[in-house]
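Enquirer: So you can see what is in the structure, the chains are spelled out below.
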Amino acid sequence: MLNFSKINVLIIYSIFIFISFFSILNFQSGKDPFINKKVNLGLDLQGGSYLLLEINSDPLVEEKIQSKVIPIKKLLKNNNLNYSNFKIGKKNLSFSLDDPKKFELLFFSKKDNLLNPYINNYNSFELDLQIDAKKISIFFSKYGLLTINNSALKQSIEIIRRRIDDVGTREPTILQRGEKRILVELPGLKDPERIKNLLGKTAQLNFRLVAENDEFGVDKLLSETGEELNVSKRIVMTGENLIDAQPNLNSQNNQPAVSFTLDRLGAQKFGRTTTDSVGKRLAIVLDGEIISAPSINEPITSGSGIISGNFSFQEATDLSLLLRSGALPTPLDVVEERTVGPDLGEDSIRSGITSLIIGFILVILFMLYQYKVFGLIANLTLIANLIMLIGVLTILEATLTLPGIAGIILTVGMAVDANVLIFERIKEELKTEKSIINAFDIGYSKARITVLDANITTLIAAVILFAFGSGPVKGFAITLGIGIITTLFSAYFLARHLTSVIVLNKKNGKVNL
Amino acid sequence: MINKNINFSSYFIKANILSLLLFSISILFILFKGLNYGIDFKGGTLIELRADNENINISEIRSSLNSLNLGDVNVKEFGKKGDYLIKIEQKAENNKKLIPNIKKTLIKNLNAEINFRRVENVGPKVSSELLKSGIIAICLSLAAMLFYIWIRFEWQFSIGSIVALFHDVTITVGIFSILALEVNLSIIAAVLTIVGYSMNDTVVIYDRIRENLNKYTRISISETANLSINETLSRTIITSITTLLALVSIYVLGGEILRGFSFAMILGVIIGTYSSIFVAAPVLKFFKVSYKTLEKKEEKIVP
Chain A
1 MLNFSKINVL
11 IIYSIFIFIS
21 FFSILNFQSG
31 KDPFINKKVN
41 LGLDLQGGSY
51 LLLEINSDPL
61 VEEKIQSKVI
71 PIKKLLKNNN
81 LNYSNFKIGK
91 KNLSFSLDDP
101 KKFELLFFSK
111 KDNLLNPYIN
121 NYNSFELDLQ
131 IDAKKISIFF
141 SKYGLLTINN
151 SALKQSIEII
161 RRRIDDVGTR
171 EPTILQRGEK
181 RILVELPGLK
191 DPERIKNLLG
201 KTAQLNFRLV
211 AENDEFGVDK
221 LLSETGEELN
231 VSKRIVMTGE
241 NLIDAQPNLN
251 SQNNQPAVSF
261 TLDRLGAQKF
271 GRTTTDSVGK
281 RLAIVLDGEI
291 ISAPSINEPI
301 TSGSGIISGN
311 FSFQEATDLS
321 LLLRSGALPT
331 PLDVVEERTV
341 GPDLGEDSIR
351 SGITSLIIGF
361 ILVILFMLYQ
371 YKVFGLIANL
381 TLIANLIMLI
391 GVLTILEATL
401 TLPGIAGIIL
411 TVGMAVDANV
421 LIFERIKEEL
431 KTEKSIINAF
441 DIGYSKARIT
451 VLDANITTLI
461 AAVILFAFGS
471 GPVKGFAITL
481 GIGIITTLFS
491 AYFLARHLTS
501 VIVLNKKNGK
511 VNL
Chain B
1001 MINKNINFSS
1011 YFIKANILSL
1021 LLFSISILFI
1031 LFKGLNYGID
1041 FKGGTLIELR
1051 ADNENINISE
1061 IRSSLNSLNL
1071 GDVNVKEFGK
1081 KGDYLIKIEQ
1091 KAENNKKLIP
1101 NIKKTLIKNL
1111 NAEINFRRVE
1121 NVGPKVSSEL
1131 LKSGIIAICL
1141 SLAAMLFYIW
1151 IRFEWQFSIG
1161 SIVALFHDVT
1171 ITVGIFSILA
1181 LEVNLSIIAA
1191 VLTIVGYSMN
1201 DTVVIYDRIR
1211 ENLNKYTRIS
1221 ISETANLSIN
1231 ETLSRTIITS
1241 ITTLLALVSI
1251 YVLGGEILRG
1261 FSFAMILGVI
1271 IGTYSSIFVA
1281 APVLKFFKVS
1291 YKTLEKKEEK
1301 IVP
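In order, the protein sequences belong to chains A and B. Under our numbering, think of the first position of the first sequence as 1, with each following residue one higher. Under our numbering, think of the first position of the second sequence as 1001, with each following residue one higher.
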């Protein structure tokens, strides 16, 4: 075990130098580094926000099922089926028929079925139905719902990205998590509440006339001044017709406002409505709340306009940002939030590094006291181990968290175990073996299996923790797991080689272990 | 430095009674007193704040929060003077404006500049998922250990190590229940690491027992266990000391956030070291393991 061929020594130290090289990359400064790899700091160390958003698809499902009403009625009429009791629910539509079987055939026809398209990917129809005697109930199939969720999620991610880019946060992470969730990580955020506000707003804008009496029905909404208005359900125009929105000052009263520009279609609709309804009031409704409801003094045909309300300049800026980036297809709920301020992050780094250094020094002193010269070897390999650990973290561009630093400290404490196991074994062998070289040789080979067994158990725990842990805890699993691997390398190759150099040079001397 | 002739096996019965007692007390506390779950597992809001005015009274913070009618609110000092930790229970009507509202109210009532250094908010769905995945992770790690030992050793060893692991995890969690310490995600991480560490310790002693069973076929399992524990004793103690040195350093200097984690780990290392000597080894005695047990396995492998 103590004989190293020159090639082996070369390989061992090449690996060590190669990996250690990467740890140096973390200390380089300058704009254009040689190799751009670094250990990333987790949000708990550099400050920032972690948000887990969940889409609430219920309103979307309701809207989509309502959009099926007309096609169904058309289908029934075209096939001379007389229905009664047509009801529109939140998730289903129901009606009664004399001949449900005939309808079922039409409903599940694979050819040119506009009402209920066949989704090839899932081998399933978009809608499903349930027949109870003569009553038919229609609802979205499992895969139909999945499709709705999926497209809403993709669209939401796109809009969230636009909103965040517009605020100008550096290096945001926006990822899909499962079927209904979006993970957003925003490092180094100054005002997390603002972002939360921006992401939490659906920003569905529509322009609706304030009704006297309207055939489409009315919603009773509170205006910005607190007066209750009857707003027509008929939508003149939605935010989709907006091509730009900018914060502005209202020239009449010098109040912050939002000026908008419409696309061609929007300009036409807007022009027509404002021409027909001079003297009426137009309500500007955002997410079911009236922002303002000005009177139409004259037709607006230019395709641009201004929204004034009781805004602060910040609110006007945010509203125009929301309008520019478009509406979310469905509301988002923040189901998990973790925000760390930058000063706490700095404190955490400081206390983490302090405890690492002190822990390291304590272990080193103890090992020196216990094993003298060989303690020095153990300590050298411990330092090498630490450098390699940081090197591997750099190669993987892993994220270092506060628990991650704890994992490094723990590695320091546990890394010496491999050397302790080996040295203790050698001590035992020295009692019976005459030849020192033999004692070391046997000690190393006998301890090998124990060292492996002992470390694999910790490695198993680290892997499971990595698979199940979230955020900072994952950082702990990473450093602990990599620490075990670098520990095995440094104890079994570096320490063994250094030991062999000492032992082989002291052929007849005594060894102080 | 270490007297290598301690008759451990003579203490086995006393130690086992002690272990059984601690184990039962832990189970009783976990069942009847329960655990003090943090917001990770219970849901709710956590705010760590720093006020520039150090003369603020905790009760002032409490009373101004009570005026917001937030439900169950828990305020405590957190590390430095002027640093406080507020925990607010999960409530459906706690709306999106909750955090800014709290900040406004506190600044108004306390007459101080207040900095929210950390805000965590976990919804009820996510917290129950986190708890579930935490429990799954611990069970899975125990199963994986069982499997590993079963491959590497004989089944008696496998059972011995798993008994020791249950012992360690239960008593550590039991102490958290008795002291009403907060259980959060980092405690799960600590428990998993304890599982790994305790196993590591047990494996070292088992390895030696197996070696000695083959070497000295005539002595009893008690004597073999005793010999093996004594032979590996320096290693057991030295490794525990270095690990504890590192952990105490985290506990004292690592800041408030890591305190619970490092405390759990310190408990776990001490209990884990104890259990590999006084729990894992006696189980082998209970199963009357001898060199014949080892032969049987070898016969199976080599037909």
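Keep in mind that the hints were calculated from the coordinates and are not lab data. Please note: incorrect hints may appear among the correct ones.
If you only want the chain A side, here are some residues facing chain B, beta carbon under 8 Å, derived [unchecked claim]: (1) Asp-287; (2) Thr-354; (3) Leu-402; (4) Gly-413.
A short, non-exhaustive set of chain A residues, derived as facing chain B with CB atoms under 8 Å [said to hold, decoys possible]: (5) Thr-173; (6) Asp-343; (7) Glu-346.
Quick reminder that beta carbons are idealized off the backbone N, C-alpha and C, glycines included.
Enquirer: Looking at the structure, which of the earlier hints fail to hold?
Expert: When the structure is compared with the hints, numbers 1, 5, 7 turn out to be violated.
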